[in-house]
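J.: Residue numbers (my numbering), protein chains in the order written: chain X, 1 to 286; chain Y, 1001 to 1219.
The hints are simulated quantities; they were obtained by calculation from the structure and are not laboratory data.
Below 30 Å or equal to it, Euclidean Cα-Cα: the simulated DSS-like pairs (lysine-lysine) are:
id, chain 1, residue 1, chain 2, residue 2
1, Y, Lys1181, Y, Lys1089
2, Y, Lys1080, X, Lys275
3, X, Lys283, Y, Lys1056
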Amino acid sequence: MIIIIREAIRGMIHNKMMVFVTIAVISFSLIILGGFSIFTINGLRFINLAESKIKIEAFLADGLSTAEVDSLSKRIGNIEGVINISYISKDEAYKSFKDRLGKDKDMLEALSVNPLPASLEIDLDPAYKTLENLDKISLKVALFSGIEDVSYGKRWIAKVDKIIKVLLLADLIFGIILLVSSILLVTMTVRLNVESRRDHIDIMRLVGATDSFIRIPFIFEGLIASFISSVISASVIYGVLFLLTSRFKDMRGDMNVIAVSIFILGILIGIIGSKIAVDKYLKERV
Amino acid sequence: MIEFSHVYKYFKKDWAALEDISFKIQKGDFVFLTGVSGSGKSTLLKLIYMEEKPTKGEVFVDNLSSATIRKNDIPFLRRKIGVIFQDFKLLEDRNVYENIAFGLEVTGGSRRLVREKTLEILQKLRLGHRRNAFPYQLSGGEKQRVAIGRALVREPFILLADEPTGNIDPETSKDILKLMKDINAEGTAVLMATHDIDLVKGSGKRVLNLEHGKLMGDL
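Here chain X stands alone, though its shape is the one from the complex (with noise of 0.2 Å):
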């Protein structure tokens, strides 16, 4: 054992160019993966906080009694996928348009009756905010009599969806071909690595080194070179991630569970590397 690492620690330190480029090239994909992974998760986050928002209104016909709403309620909240109904009445319909107006409050100040309806907010299993549901709910809460109008924002919502699909589908392909070329580009390296010694390998073979004691050096040389490069891109990822959220509160990381996970992809793929590549130069020769 202390021959295999003495084995490896020479090997490292007579290779330190290919060392240094192994290093660098497992860092830098590990770098790019960890922010593809927190574009991800925050994009992801982003979504269902724009989800969460979806709701749909329904306004009511004006002088409907207390039972008469609460009849209402009950009766839509029978319907498949709802799971809250909260009633909005005249005045806090109007309170809350107030507010929103602003400075511009004036002008529903100078009308002499509240014009804005009573209404249900109506909100949905999240499994249930798909433009389709949506559509068949809104039909179905349209036809109870006392409703006047219902609205869930259609053409906002079917743009941003559609825009989503199309996002996951770009993320999910390019999240691929990042880890497979991270992997390749991994054991490329290694491989180049493994290929600039071949006359040492081969003397070890001539004098009879069996292929696990060849084996094993390079696979500690890629679990040293790979220990390296996460440590450095798992903090370069903590400290972009501590930065991101500190200016962006809204902004999440899960920050250890990121450098925890990219951490250990990158020894990983640093010994899955390096054992891929040994393996191949020792397979191609007896």
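Add chain Y to chain X, keeping to what the hints say.
T.: Just chain Y now, with coordinates in the frame of chain X:
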């Protein structure tokens, strides 16, 4: 100990490197393998340390057959065979002592054993004073002696030499040959491939002569 039985080796379908080779080498023999470049000498040696396998026929080395040996057993066979080359194949980043010790270290010898054996070989090959020198600081003859040291440190039953004097001046070549004879006198068989007829002449040793992959004489 080593036996070739009707061995053929084809590298391409119609390119025979060796054709119908049969011979035996017994314990303690000294045998020259002669022939011009490309006559198949290196291929024949590779068949002995099983870097190559015969296309047809069978090679037996120390009771192991090329037909039945498993890949995992080849390293253990090689530990019993010493091989040296025209280009020495030394590790440039290691000094003389470390190059010789390397032959034992990779096979898992204890530190004490490695040290004792290496020092013994350094003394035997008159390399003690050069033990800390690196290959680039050595002459051709010294490099070949280090390579021989690395091969001998494992006490092989046979030393295979592929043109060991090819990169060495005639005077030093004679020294190397003498060293090989001394090694042989101590009981290690030697199979030395060379195209240098002057070395072979008058040596009184057995000669296997290859021409275009065929064994044309066993003198």
